[in-house]
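Add chain B to chain A, keeping to what the hints say.
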Amino acid sequence: MNIQTVDKQKFFFDQYGLTHRDLERYLAAALSAGGDYADLYFEYQTSTSLSMDESLVKSASQGISAGCGVRVLSGERTGYAYTDNLSPERLLHAAKTAALIASGSTKETVAAFKEKPHRSLYPIALASVDAEITAKVALLQRADVAARAYDSRIKEVRISYGDELRRILIVGSDGTFAEDSQPLARFNVGCIAKTETNSARGSHGGGGRVALDFFSGDKSPEHFAKESARQAVLQLDAREAPAGDMEVVLGPGWPGVLLHEAIGHGLEADFNRKKTSAFAGLLGKRVASDKCTIVDNGTMPWRRGSLNFDDEGQPTQNTVLIEKGILKNYLSDKLSSRLTGLPDTGNGRRESYEHIPMPRMTNTYMLSGEDNPEDILKSVKRGMYAVNFGGGQVDITNGKFVFSASEAYLIEDGKITAPLRGATLIGNGPDVLTRVSMVGNDLQLDEGVGTCGKDGQSVPVGVGIPTIKVDRLTVGGTARREGGGFMQ
Amino acid sequence: MPEAQLETRTSQLETDLKELAADVVRRAMAGGATAAEAVIQEGDEFSTVVRLGEVETLKEAGSRALGVRVFFGQRAASTYTSDFSLNGIEKLVSSALVLAKITSEDPHSGLPDAALFGALPGDLKLFHSDVYSLPGAERIDYARRAEKAALDYDPRIKNSEGGSFDAATSHKILANSLGFLGEYRRSYCSVVAVPIAQSEDGAMQRDYWYHMSRSLKALESPEHVGKIAAQRSLRRLGARKVKTARVPVVFDPLVSRSILDHIFEGVNGDSVYRGASFLAGKLGEKIAGDNVTVIDDGTIVGGFGSSPFDGEGIPTRRTVVIENGVLQSYLLNSYTARKLGMTTTANASRGLAGTPGIGPGNYFLQQGTKSPKEIIAGIQDGLYVTEFLGHGANLVTGDYSRGAGGLWISGGELTYPVEEITVGGNLKEMFFNITEIGNDLEFRGSVAAPTLRIDGLTVGGE
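Protein sequence lines, in the order shown, are assigned to chains A and B. For the record, in the first sequence the residue sitting at position 107 is 107 according to my numbering, with numbers rising by one throughout. For the record, in the second sequence the residue sitting at position 346 is 346 according to my numbering, with numbers rising by one throughout.
Next up, chain A with everything else stripped away, as it sits in the complex (with noise of 0.2 Å):
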C-alpha cells in the first residue's frame, strides 16, 4: 500500500517510535478476521486540577493519560479493545482482541493515509496545562477575594480550576489521518451565603479551548466570583417557586440547555437509527414553532464544544438541526453515517481512548429571532423568568426532559417580582418547541462549563438561546396560593 508523506514532526511518532508502516500493521490485524472499517485513537492527555477552600489552596494536583483505543466495524457490530502500553506487542494484542466481532471473509485493505486539511479553531502558543502554575494559583486567589469583598454574608468560598491538553492521533483503514491539540480550562467558583436564618448558594464558571490569558479580560477571576457571589445572596430573600404548568419565559446563555435536553439527544443518530428515540421518523416534519432554528456547531473558534476534528478523525461543521420549525438533520457519526447513508455530521465523540465513540452533540444553540427581550416579559401575566439552570436530563424514548432553575423570578402583570427558590422544569420534548411563541434578539452562548453524559462517558459542550417565552411548561415548585390551591 502507498503511503503519503507526511510533513510535520508528529507527536505520537516522536513520543513512542510509531511509524506509518506500524499503524498500517496494527490496522491489518484489526481487519483481519474480516472487519468492514478499523481504526486507531492515539491519545496522550495531560491535566492540571487545583481547587481553594477557607482561602487556601488545599489541593493541586497534575497528571498524565496515554493510551490507544483499537476499533473495527463489522456492519451494525463494533469490536473495541484498548491498552494504556503502547508497545507494538500490546498495540497489536489490542488490534487482535477488537478484530474478533468481526466473522467475514473478505479482507478490507488498508487504504493510503490522507492527512485532512489543517485547521485551527484554537490556535494556541502555550497551552495553560503548560503555563505557570504560580500563575493559575494567583487566578484562584483573586477570585476568593472578590468574592468575600462582593458581600459580608458570603460565608464559604469553594474555587476550583482545571485544565488539560489532549493530544490524539486518528488514523482509519479508509484513508483517515487526523491530529490534533485539544486546549480545555475551566474555572469555577462556589459561594455559600448565610444569616443567622438562612443559608443559599450560587456557582458562576466558564472556560473554553483557550490559553490562560482568556481569563485576564472580561471573564476574569472577579467576573466569576461577583457572579457566583450575586446568586447566593439573591437566593436568600428567594420564596417558593408555583407548581405546575405555567408561561416560561428563558434567559439568554445558559438556559439553552433546554435545548440540548429537549431536542439534542433525541436527534442524535445512533437512537434514531435504532428508532429508540421520540424524534425517530420526524425528519422534514415540523417539531418546533416557525420562530425556532437551531444548530449544532462545531466549529466556534475557542469554544468549549468545539473541535477541529471529531474523534474519529472527521472535521466537525455546523449543523442544522431545526430550520423554523422544521426537523432538518441528525447527528451523526461515522457508523451511523454507514448504516444510513444519512451524511457523517462531525460528532463522533468519545471521552477518552477507553471509549468508543458515538454521536454527540458540540455547541448547540438557537438563533436569534426578532423580538425585543423586554416585550417578552411584558406579554406574561403570571409566569416564571428563568435566568439560570443547574443541569438537566432527558429519557429519549418518551421525549420527557428536565432541567433544573437555580435562578429564577416570578413575573406578575409582565413585570419581573421576587426571586425564587430553585425548581426542576419538565416537558416533552418532541412538542416544547412547538409552544415558543416569542424569541428574542439577544443570542448568548453559555459562558464554558457543560460537561454533558451519555451512557457513562462525558465530554464538554457548548449551549446558547435568546430570550425565548414557552407558553406552557411544567414547573415543580412547591408554593400553595392563599387560600389553598397552588399557583398556576
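It cannot be assumed that every hint is accurate.
[Claimed, not checked] Stretch-level coverage of chain A by chain B, calculated; a stretch enters the list once three of its residues show a Cβ under 8 Å from a Cβ in chain B:
no., segment
1, 131-144
2, 153-162
3, 218-225
4, 388-398
Just so you know, the hints here were simulated from the structure itself, not pulled from any lab data. The beta carbon of each residue, even a glycine, is placed where N, CA and C say it ideally should be.
Relative to the frame of chain A, chain B by itself:
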C-alpha cells in the same frame, strides 16, 4: 458468532506492584517530602451488548495507573500517570515534589495517625475469578438471553436498547511513608436488559432491570432480569399527566436510594465543615422521624461497598449515622475529622489524584415491617414513583424538586401510569415525613433503601 477469548491479563506479580508502590513512597521521601502516599489501580473489563439478537458491541481491555501524594509539612500535592517506566515514575515523583511547594500550609492536612492503620482480618469475599470463567460465546449468550426474555415476554415489546453482560476485576494497592502497605482485589459482573414497549398509537416507553454480583454463581438468571425489565417498560405504556396536587408519594426502592444519597451528601464531613449542609451542627439532634435508622457498614462480607481498608489505609467499620431519627455521626476521612475535632469513620475514598474524598461503604436505611403492597393499600390517592429525572436537591437549603414518572395510586392500588410531572418539597421536612418504611431492603449496589412513603410533597402537573 465470534469467539472472544479474553486474556485475563497476567499482570506483574502482586509483590512487584506492592514493591513498586513502596518504592514510589521511598523516592518521594528521598526527594525531601516529609510524608508520602502511593496508590496503584489496575483493572480489566469485558462488556458486550446484544441488540435485537445480534452482537452490537464487544469490548475488552486492561489498564493501570499510579498516583502519588506528597507532603512538605502541612503542604500537599498529588500527581498520577499511566506510564510505569522508570522515566515515567521519576517524573511522577519530581512533579509532585515541585507542585507541593505552591499549595497552602493547611494545619489540618497530613496522613492519618499511624496507630489507626490496618486492614480487616479474614476474607471479605470481594474477589471471585469466576466472573471471567465463561467462554466468550457464553458471555455473549448471557446478554442475548436477557434481551430475548424481554422481547418474548409480550408482543408490545417491539424494540430494545439491548441486553448486556459486563465483567470486571480491579486490584488496588496503597502504601505510605508511615509504614502502611495493603492491597485488595474485587470482582464484579452484571446482566442488564433495556426493552422498549410500544403502544398502538406508536408511543414508546423504555425501562430497565439489572442484577449485579461479585460472583458469576450468584448472578440472577438473564431470563429473570429480562422478564422484570419487560414488565417495567410495559407498565409505563399509556402514561399521562395528572393535576397538580399534594398527595402521599411512595418511592420504589430503585428511587428511594436517592433519598439516602441526599442524606449522605448532608452528613459528608466535607459539606459539614464548610457549612454546605443543613445537617451541619445537628449532631445529637432529631433530623428525621423515629422510624428512620441509617447505617454505613464497610465490613459486610461480599458487599458492594466493602473493602478491608479505606482510601487512607484505615480498617473500614460500621457507623450508625441516624438512629431512630437522631443524627449520631457524620461520615469522615481523616482530614474532615481533624477539621471537626472528631475521629475518622474510615470513609476516605482515594482516586488517583487530589486529596481523598469521602465515600459510602454499604450504606442503607434499615427496613420496616410492611410489604410494599400494604403501604400502597393504605393510600386513597397518591403517586408511586419509579423514576426520577434530574438532580434537583439542594443540600444547603434542603430544597427538593425533581422530574418524575410512575404510577398513580387510587383506592389503595396502582392504576394508570403517569409522566411529565414533578415532585417537590424540602428535605428538612421530608426526613420527618417518611411515614412508612417497607420490608424490602435489597442491595443492588453499595447504597440501598426499602420502599418509602413520604407525605407532604407537591406533585406538579397540569
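Hints and how they fare:
no.: 1; hint: 131-144; verdict: holds (count 3)
no.: 2; hint: 153-162; verdict: holds (count 3)
no.: 3; hint: 218-225; verdict: violated (count 0)
no.: 4; hint: 388-398; verdict: holds (count 8)
In this structure, only the earlier hint numbered 3 is contradicted, and the remaining ones agree with it.
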